[in-house]
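Asks: Single-letter residue listing:
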Amino acid sequence: MCWLSRPSGPRPRAPGEVAEVVAKLKIQLTINGQNYSGEVEPRRTLADFLRQDLDLTGTHLGCEHGVCGACTVLLDGVAVRSCLLLAVQANGCKVETVEGLAGPNGKLHPIQAAFHKHHALQCGFCTPGLLMSIVDLLKTRPDIRDEHEIREALAGNLCRCTGYSGIVAAVLEVAAQLRQERAP
Amino acid sequence: MKPAPFEYHAPTTVAETVGLLHQYGDAAKVLAGGQSLMPLLNFRLARPAGLVDINRVEGLDYLRQEDGWLVIGALVRQRTAELSSLVAEACPLLAEALPFVGHFQIRNRGTIVGSLAHADPAAELGAIALVLGAELRIEGPREGRFVPADQFFVSYLTTALTPDELLVEARFPTARHRTGYAFVEFARRHGDFALVGVAAVVSCDGAGRCADARLAFTGVGPVPVLFTDKEGILRGEPIEPQAMNALAERAAASLDAESDVHASAEYRRELAGVLAEQALRAAAARSGRGG
Numbered sequence: 000m001c002w003l004s005r006p007s008g009p010r011p012r013a014p015g016e017v018a019e020v021v022a023k024l025k026i027q028l029t030i031n032g033q034n035y036s037g038e039v040e041p042r043r044t045l046a047d048f049l050r051q052d053l054d055l056t057g058t059h060l061g062c063e064h065g066v067c068g069a070c071t072v073l074l075d076g077v078a079v080r081s082c083l084l085l086a087v088q089a090n091g092c093k094v095e096t097v098e099g100l101a102g103p104n105g106k107l108h109p110i111q112a113a114f115h116k117h118h119a120l121q122c123g124f125c126t127p128g129l130l131m132s133i134v135d136l137l138k139t140r141p142d143i144r145d146e147h148e149i150r151e152a153l154a155g156n157l158c159r160c161t162g163y164s165g166i167v168a169a170v171l172e173v174a175a176q177l178r179q180e181r182a183p
Numbered sequence: 000m001k002p003a004p005f006e007y008h009a010p011t012t013v014a015e016t017v018g019l020l021h022q023y024g025d026a027a028k029v030l031a032g033g034q035s036l037m038p039l040l041n042f043r044l045a046r047p048a049g050l051v052d053i054n055r056v057e058g059l060d061y062l063r064q065e066d067g068w069l070v071i072g073a074l075v076r077q078r079t080a081e082l083s084s085l086v087a088e089a090c091p092l093l094a095e096a097l098p099f100v101g102h103f104q105i106r107n108r109g110t111i112v113g114s115l116a117h118a119d120p121a122a123e124l125g126a127i128a129l130v131l132g133a134e135l136r137i138e139g140p141r142e143g144r145f146v147p148a149d150q151f152f153v154s155y156l157t158t159a160l161t162p163d164e165l166l167v168e169a170r171f172p173t174a175r176h177r178t179g180y181a182f183v184e185f186a187r188r189h190g191d192f193a194l195v196g197v198a199a200v201v202s203c204d205g206a207g208r209c210a211d212a213r214l215a216f217t218g219v220g221p222v223p224v225l226f227t228d229k230e231g232i233l234r235g236e237p238i239e240p241q242a243m244n245a246l247a248e249r250a251a252a253s254l255d256a257e258s259d260v261h262a263s264a265e266y267r268r269e270l271a272g273v274l275a276e277q278a279l280r281a282a283a284a285r286s287g288r289g290g
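Same order as they appear, the protein sequences are chains A and B. In terms of numbering that gives the first Met the number 0, the first sequence opens at residue 0 and continues consecutively. In terms of numbering that gives the first Met the number 0, the second sequence opens at residue 0 and continues consecutively.
Bear in mind the hints are in silico, worked out from the structure with no lab data behind them. Hints are all accurate, no fakes.
Restricting the straight-line Cα-Cα distance to at most 30 angstroms, the calculated cross-link-like pairs of lysine-lysine (DSSO-like) are: (1) A:Lys106 to A:Lys138; (2) B:Lys1 to A:Lys93; (3) A:Lys93 to A:Lys138; (4) A:Lys25 to B:Lys1; (5) A:Lys23 to B:Lys1.
Since this is a predicted model, take the numbers as computed values, not measurements.
So that you can see chain B by itself, here it is in the shape it has in the complex (with noise of 0.2 angstroms):
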């Protein structure tokens, strides 16, 4: 199918962006990378009256390291950050994660703040932003925001994003010192959006004990969802096979995960409970790295 009629809109700056989403009020949609956005409009899903393209907007295409943040601009595509040296050594997580994106022609297009902000709960870079605790920089009419990834999923496809407001950057910690990442998913097919997908984070404190331990989980529920070491199951312990298995499946009984046609809400927990193990272990076994 084809999109139906729109006003196209190209404008050169942030602040004229956010004028035409203030004036079209929630009847608009941007588009950056387009690759979620466009599938929905071809296929009249989605119908919106305006359309912001935001690909002319000048200077949102950053990518630096500053104060132990790596900064993403809105324009950055997926493809630029996985192979970007920069992205590999200050957030190897999101360097790992990001092959699993779609397909790489996706990802040429494909923004990393775009798919933040369209907020699908089986993206892979939900479950990144919310395990590495990132922050998100809004503007819009009012003042400009930071709102920290555990409070911008809303819900299925919705963020704390009001329609007049543009993501401009999202802010990922970079690496610390005796700390090991990891992701891990299971899809049908590469590039599909995964079942299940578990990025683990997990710190030892030179003993070999785990001084910290964090999980995020996509596609089991409306938003990608973390799971925190709360109860010091593997904190404080000594990072062993038995203390992550038990950590993995508190986790899983936690999720509250859908059937949908693809897996039952029990296949999904089983799953998210291998896979949040295999990451625990990955992500330990990384953490004495830097030793």
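This is chain A alone, in the form it adopts within the complex (with noise of 0.2 angstroms):
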């Protein structure tokens, strides 16, 4: 029998019966540079941690089950979904969301530039999700510049607003000036 029509869990609980509390865990971990600890219940996902226990709200949650790509941070330098991670598993690691994107003096990161350059938002609703998986995706892709290639690795970030070329646009020009940085 799959496993997932098993009655799971030691009995069903019965309607408005209150869940069985569970031991809060202690976590520390370094979001952005900076050291954050709290006590979380195992159940809480990093992206609730993140925007309800720590106020960090510039990570946004769409779907809560890995389609839509709003919520993706960077987990010790790889883009992942918050949403699909308990804070628990975070313990010790380091975290980095859209608010570290920007310098201290509010300087925008070049990826930020390009896309105020090339109006790649409009609600902003995705922003965050997609420049958290662009850094990514230049930092392990950087020789990308093929415009479709882009636009499948930016297929797990959902944008319902900008029909993606403002996007792509932004991206193939950061793609390029990081290039030419390189360049001898």
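From the two separate chains plus the hints, produce the assembled complex.
Replies: Okay, here's the thing in structure tokens:
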């Protein structure tokens, strides 16, 4: 029998019955270079920990099952869905969110500046996730220059406003900038 | 939605992990990459009493070649393998299929072994394991064991693993001489589960004849489906388009596809035939390379 259809847990709860309390766990992590600690229920996702416990609401939550990409953050340098990660799993890890992209003086990160220039956002809901995904993408694929490849790489971040044209233009521009900087 | 409460454990050894699983009976789930399990928890489609997070278990992130196998530990992320030159060289079929698994953000976290253990019949990696004849190393309260891929997948999301066992490693046979590999799939959007995916392995004998041909399909039943050329439609014959077409059609006709909201059974079978021919042609073209 498939495990999903098997009754799981010690026993089913009656309607309205209060959930059993599970002890909170202490966690400590670095977010955008700053140390944070907190006590969380194990079921707390990293996304909810950031938004609700730390008030770091730059990270957005859309679908909560890994499809829309709005909640993408960097975990130890790589882009992951913060809705598919428990806060306890990030214990001892380095997390980067959209709040950490701009410099301390408010100077926009090159990708943010390119988004601004190319009108790569309208409502802005998907933007934090896209920015964090692009940071990882340009790190692992600094040679990327093909529009089709960029669109494919960004297929894990849904944008319902822009039609992606401005976003792709922004990535192309930053990728070209990075290539130029690397050139001898 | 948010997950229902569960007890959380982060063991650091395989023995400790297996002990916890044994304690819980079938009331716990193993959390590795979490890219399939976490959505089920968030939607409360799964409400395990305990979650055993293996991400802190030491020594499970190995990726190495030994005695004709590419050996992959339970904590090797899909993205790590995708970007690994060892994988590209030792197991080109796995390297070709990995970019089709979810999106890169998913692969940064998701593991190869976890995908196999989850056993979604639409998942690419099950077909790869099947067509290559991979072996799966399982640890449990009893003595450890190896299970061949063709005995591992039992039904939808169901494998040969008992609830107190942990899949610790997958071993893929490394690329053979005069053998070509290919994976193709059709999905409505890149990164989605494909409607149908096909992996093909074609070996040739140096004189341009086919020595062996195997196909594996995703998305056409409760488990990934293996089709071997038992009738010798292509085996022993010159590797030519007509024979490949005949084999693809025979394979597609043998499938017991089901209809769902995404596609009818008839459409899936038709698509499987078209993709199988594409995969066979690509694999055949590559089989001459080592020649």
